[in-house]
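K.L.:
One-letter residues, chain by chain:
2 protein chains.
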Amino acid sequence: MTQDEVLIATVIASWKQVTGRVSASLADATEERLDKQVAPGRNRVRYLIGHLTAINDRLFTGLEIGERLHPELDEAYVANPDRKLPDPVSAEELKKAWFDVTEKLTAAFEALTPAQWLERHTAVSAEDFAKEPLRNRLAMLLGRTNHVALHSGQAVLAK
Amino acid sequence: MTQDEVLIATVIASWKQVTGRVSASLADATEERLDKQVAPGRNRVRYLIGHLTAINDRLFTGLEIGERLHPELDEAYVANPDRKLPDPVSAEELKKAWFDVTEKLTAAFEALTPAQWLERHTAVSAEDFAKEPLRNRLAMLLGRTNHVALHSGQAVLAK
Chain V
0 MTQDEVLIAT VIASWKQVTG RVSASLADAT EERLDKQVAP GRNRVRYLIG HLTAINDRLF
60 TGLEIGERLH PELDEAYVAN PDRKLPDPVS AEELKKAWFD VTEKLTAAFE ALTPAQWLER
120 HTAVSAEDFA KEPLRNRLAM LLGRTNHVAL HSGQAVLAK
Chain Y
0 MTQDEVLIAT VIASWKQVTG RVSASLADAT EERLDKQVAP GRNRVRYLIG HLTAINDRLF
60 TGLEIGERLH PELDEAYVAN PDRKLPDPVS AEELKKAWFD VTEKLTAAFE ALTPAQWLER
120 HTAVSAEDFA KEPLRNRLAM LLGRTNHVAL HSGQAVLAK
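First to last, the protein sequences are chains V and Y. Numbering that gives the first Met the number 0 applies: residue 0 is where the first sequence begins, and numbers increase by one. Numbering that gives the first Met the number 0 applies: residue 0 is where the second sequence begins, and numbers increase by one.
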């Protein structure tokens, strides 16, 4: 691998590590566990999983690497607060969606070249990107990895 | 900048973004705020700040980029659970330690070359690193950035 391929592989390994921890705890999670709130008056674990799945799924379009797999999760888990809308899918379907999105995204990431990772993401205009070259695909992946870590820190508090 | 310098700068920008959010909320935080637990029976915000400051401070030695600035925080905030030991420093001193460590680490990161970022970190032997080249300095930085995000997600729950 070239130096920049190793750098990219290191970032993808970080994504795999953070999402892997969520996957491991989700694999065993009961419906009762998913329905717990992370703290009094706060989001349910299920909402956080739906939210993370939907936000990550948006990376397909955000990074222009594929089509959305689960747009049906956006209303309940991104556009609205927890329990504003009924859960659109069962707990089992939600788990499956998380695993599906995570697996397919990881495969898509591994297919990009370092040069592609340095291209702009879709939330920045070509004009702005010329002035801010760090607003690239890699920045979007790093942001979403941190976002998963942020909410998984909350999820561990649920009891 | 070369391609790999832009890749590194993008990762450092992510560190700055995640630590910047902690810095912004810490700047205004009252002592009352710091003494709140993130959820019933869980860590105080103050403990999380001490913990993050100490773990990040360990990057100086972990990445071989300098000397520890605040080793006095380790006992209370890394080696022991919250409130096992009395707080070793005042709230104001703790805030100052966070800002100091964050600022000096960032400067040290910006001085490393891409090749240095791909060298092994100190928690892996040369032998293991030959088989696992992704266990490099960059991986350690990414891990600590995710760790900050994880605990800051918990801190926002404190009320």
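Since the hints were made in silico from the structure, they are not lab data. Be a bit skeptical, because a hint or two may be false.
Derived lysine-lysine pairs resembling DSS-like cross-links, with alpha carbons at most 27 Å apart [claimed, not checked]: (1) Y:K15 / V:K15; (2) Y:K130 / V:K158; (3) Y:K15 / Y:K94; (4) Y:K130 / V:K15; (5) V:K83 / Y:K158; (6) V:K158 / V:K94.
Okay, the calculated beta carbon distance ranges per label pair [unchecked claim]: (7) V:A114 / Y:P85: 45 to 55 Å; (8) Y:K83 / V:S22: 42 to 52 Å; (9) Y:E92 / V:A114: 38 to 48 Å.
Values in this document were obtained by computation on a predicted structure and should not be read as measured data. The beta carbon of each residue, even a glycine, is placed where N, CA and C say it ideally should be.
K.L.:
Looking back at the hints listed earlier, which ones does the structure fail to meet?
P.N.:
Hints 2 and 8 are the ones this structure does not satisfy, whereas the remaining hints hold.
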